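Protein chains in written order, with the working numbering: chain A, 36 to 276; chain B, 36 to 276.
Hints are supplied without guarantee of correctness; some may be wrong.
[Said to hold, decoys possible] Heads up, simulated EDC-like pairs for lysine to aspartate or glutamate below, C-alpha to C-alpha not over 20 Å straight-line:
no., chain 1, residue 1, chain 2, residue 2
1, A, Lys-234, A, Glu-123
2, A, Lys-260, B, Glu-206
3, B, Lys-43, B, Asp-53
4, A, Lys-260, B, Asp-209
5, A, Lys-234, A, Asp-267
6, A, Lys-103, A, Glu-51
7, B, Lys-109, B, Asp-140
8, B, Lys-234, B, Asp-265
9, A, Lys-243, A, Glu-123
10, B, Lys-43, B, Asp-67
11, B, Lys-260, A, Asp-209
12, B, Lys-260, A, Glu-206
[Unchecked claim] Derived coverage of chain A by chain B (criterion: at least 3 residues anywhere in the stretch with Cβ under 8 Å from a Cβ of chain B; other residues may be distant):
no., stretch
13, 39–48
14, 88–99
15, 237–249
[Said to hold, decoys possible] Pairwise CB distance ranges (calculated):
no., chain 1, residue 1, chain 2, residue 2, range
16, B, Tyr-151, A, Gly-135, 33 to 41 Å
17, A, Thr-170, B, Ser-120, 56 to 64 Å
18, A, Ile-47, B, Asn-124, 32 to 40 Å
Please keep in mind that the hints were generated in silico from the structure rather than gathered at the bench.
On a predicted model such as this, the values are computed, not experimentally measured, just so you know.
All residues carry an ideal CB built from backbone N, CA and C; glycine is no exception.
2 protein chains.
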Amino acid sequence: MSAALKAKDQLIRAVECDQIGRILEAQTLYQDGIALLMSFVETEPDETKRKAFLLRIKEYIDRADAIKARVNGKLMLGEVVDHVSIEENDTGFDYDQIFGKYMDDKTVEILLEEPYLTQNYQYQNLVRFLELAITNCKNLKYFRLITKEHTDPKNPDQQKTNLGQIRADLERRDIVVSVKYEDTLHDRRIYLSNGYIIKIGRGLHFYKAANPMYSIGLVNYRYRKCLQTDVDIWRNNRTAS
Amino acid sequence: MSAALKAKDQLIRAVECDQIGRILEAQTLYQDGIALLMSFVETEPDETKRKAFLLRIKEYIDRADAIKARVNGKLMLGEVVDHVSIEENDTGFDYDQIFGKYMDDKTVEILLEEPYLTQNYQYQNLVRFLELAITNCKNLKYFRLITKEHTDPKNPDQQKTNLGQIRADLERRDIVVSVKYEDTLHDRRIYLSNGYIIKIGRGLHFYKAANPMYSIGLVNYRYRKCLQTDVDIWRNNRTAS
Numbered sequence: 036m037s038a039a040l041k042a043k044d045q046l047i048r049a050v051e052c053d054q055i056g057r058i059l060e061a062q063t064l065y066q067d068g069i070a071l072l073m074s075f076v077e078t079e080p081d082e083t084k085r086k087a088f089l090l091r092i093k094e095y096i097d098r099a100d101a102i103k104a105r106v107n108g109k110l111m112l113g114e115v116v117d118h119v120s121i122e123e124n125d126t127g128f129d130y131d132q133i134f135g136k137y138m139d140d141k142t143v144e145i146l147l148e149e150p151y152l153t154q155n156y157q158y159q160n161l162v163r164f165l166e167l168a169i170t171n172c173k174n175l176k177y178f179r180l181i182t183k184e185h186t187d188p189k190n191p192d193q194q195k196t197n198l199g200q201i202r203a204d205l206e207r208r209d210i211v212v213s214v215k216y217e218d219t220l221h222d223r224r225i226y227l228s229n230g231y232i233i234k235i236g237r238g239l240h241f242y243k244a245a246n247p248m249y250s251i252g253l254v255n256y257r258y259r260k261c262l263q264t265d266v267d268i269w270r271n272n273r274t275a276s
Numbered sequence: 036m037s038a039a040l041k042a043k044d045q046l047i048r049a050v051e052c053d054q055i056g057r058i059l060e061a062q063t064l065y066q067d068g069i070a071l072l073m074s075f076v077e078t079e080p081d082e083t084k085r086k087a088f089l090l091r092i093k094e095y096i097d098r099a100d101a102i103k104a105r106v107n108g109k110l111m112l113g114e115v116v117d118h119v120s121i122e123e124n125d126t127g128f129d130y131d132q133i134f135g136k137y138m139d140d141k142t143v144e145i146l147l148e149e150p151y152l153t154q155n156y157q158y159q160n161l162v163r164f165l166e167l168a169i170t171n172c173k174n175l176k177y178f179r180l181i182t183k184e185h186t187d188p189k190n191p192d193q194q195k196t197n198l199g200q201i202r203a204d205l206e207r208r209d210i211v212v213s214v215k216y217e218d219t220l221h222d223r224r225i226y227l228s229n230g231y232i233i234k235i236g237r238g239l240h241f242y243k244a245a246n247p248m249y250s251i252g253l254v255n256y257r258y259r260k261c262l263q264t265d266v267d268i269w270r271n272n273r274t275a276s
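Here chain A stands alone, though its shape is the one from the complex (with noise of 0.2 Å):
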């Protein structure tokens, strides 16, 4: 497919996602294709075309505009409709038990800011959220990750490497991967397209490692030891903008 063509495609589909609803997916779709629209652009020898091209791209960055301003409402907090304390050394804890049940039919789609996934606990931690969302969330198609890019000393390509497993795998259960890297990351959350946004102090990272390594709770987190953190569980006001 020629570059312009993939444009036209992303921006089509684009279009399609905000009509149903996808709002994330349709915002990377956007962004997606202006760039690639903008670089097809600058390599238009002829002045006329690359005139009317650029009104075109200026109408579709009105429109990502507009999604953009759609999706921050989204993520907007609305009110508390649920808070958990845990301390340190609680057990009783697992992403199940704590937001589960705002994980439902109607999450289509999900962003998560986790700003750390750099250690195999903390990638197997990403692998049991997804496992519980797509378990719980049967309609999904969108999953968003924002995370700190991470470069280790010893093995340069393992971060890339290993979201690249866990990207190809969703993708072939059917669900759009989109990975952004954000050095200035530090908040946790999760947002669900249902409405709820889920807060948690420590992200995804609140359990402390088995100890001894082979005793209960190695496997079911509901007996894993864990770090002091608080959840707040949120629900949009804007749910149905």
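Keeping the supplied structure of chain A fixed, place chain B upon it in accordance with the hints.
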């Protein structure tokens, strides 16, 4: 505690366990108590005292034989109550889904015959099994594991260390653990004291490795691909005996 007192204590507990139906634990206590008493008697210089001891030991041996007969009766298969055929590459099976419903409040003792416990994933499977047992069998008091002894040339203490960790962890939860090594063991069997016996051709190890490592199914084994194996669930006819 002197050897004699310890032996006495074990034999008293053996009788107590026998009376309340914890016959696997009673069997272990009888065997250990008798062995301890025997070693003690051998060092007794007084001929008359020794003969009196030996008479007492004879009584305990008779009781231990009676217990052994009862245990063997419990382990005899009765009728098949369920059968599951797992095909190569099937997904959708975890321990809970296959046999969790047979593990209940009435299960106070479990015997697991699992010949192969040498690799990390095999110890993980054992912990996974025990987490289910602890979750479902609220009154579990005794766990006997029979496996093949394995000496890793690079790390000769590995098996003992790992099983020791698991044992200590269960004992902190007031579950007595007995590990026996049998080099000729082949068949896999899970005996529950509520009368159910679970036979899985491959024992606990019927899962393929996660491939790639970070993919759905890494943690939640309902998404893991399986190896071909058959599961038969039996109910012992002498449950009430």
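Status of each hint after checking the structure:
{"no.": "1", "hint": "A:Lys-234 x A:Glu-123", "in the structure": "18 Å, holds"}
{"no.": "2", "hint": "A:Lys-260 x B:Glu-206", "in the structure": "18 Å, holds"}
{"no.": "3", "hint": "B:Lys-43 x B:Asp-53", "in the structure": "15 Å, holds"}
{"no.": "4", "hint": "A:Lys-260 x B:Asp-209", "in the structure": "19 Å, holds"}
{"no.": "5", "hint": "A:Lys-234 x A:Asp-267", "in the structure": "5 Å, holds"}
{"no.": "6", "hint": "A:Lys-103 x A:Glu-51", "in the structure": "16 Å, holds"}
{"no.": "7", "hint": "B:Lys-109 x B:Asp-140", "in the structure": "18 Å, holds"}
{"no.": "8", "hint": "B:Lys-234 x B:Asp-265", "in the structure": "8 Å, holds"}
{"no.": "9", "hint": "A:Lys-243 x A:Glu-123", "in the structure": "9 Å, holds"}
{"no.": "10", "hint": "B:Lys-43 x B:Asp-67", "in the structure": "11 Å, holds"}
{"no.": "11", "hint": "B:Lys-260 x A:Asp-209", "in the structure": "19 Å, holds"}
{"no.": "12", "hint": "B:Lys-260 x A:Glu-206", "in the structure": "18 Å, holds"}
{"no.": "13", "hint": "39–48", "in the structure": "violated (count 0)"}
{"no.": "14", "hint": "88–99", "in the structure": "violated (count 0)"}
{"no.": "15", "hint": "237–249", "in the structure": "holds (count 3)"}
{"no.": "16", "hint": "B:Tyr-151 x A:Gly-135: 33 to 41 Å", "in the structure": "34 Å, holds"}
{"no.": "17", "hint": "A:Thr-170 x B:Ser-120: 56 to 64 Å", "in the structure": "24 Å, violated"}
{"no.": "18", "hint": "A:Ile-47 x B:Asn-124: 32 to 40 Å", "in the structure": "37 Å, holds"}
Hint compliance for this structure: hints 13, 14 and 17 are broken, all remaining hints hold.
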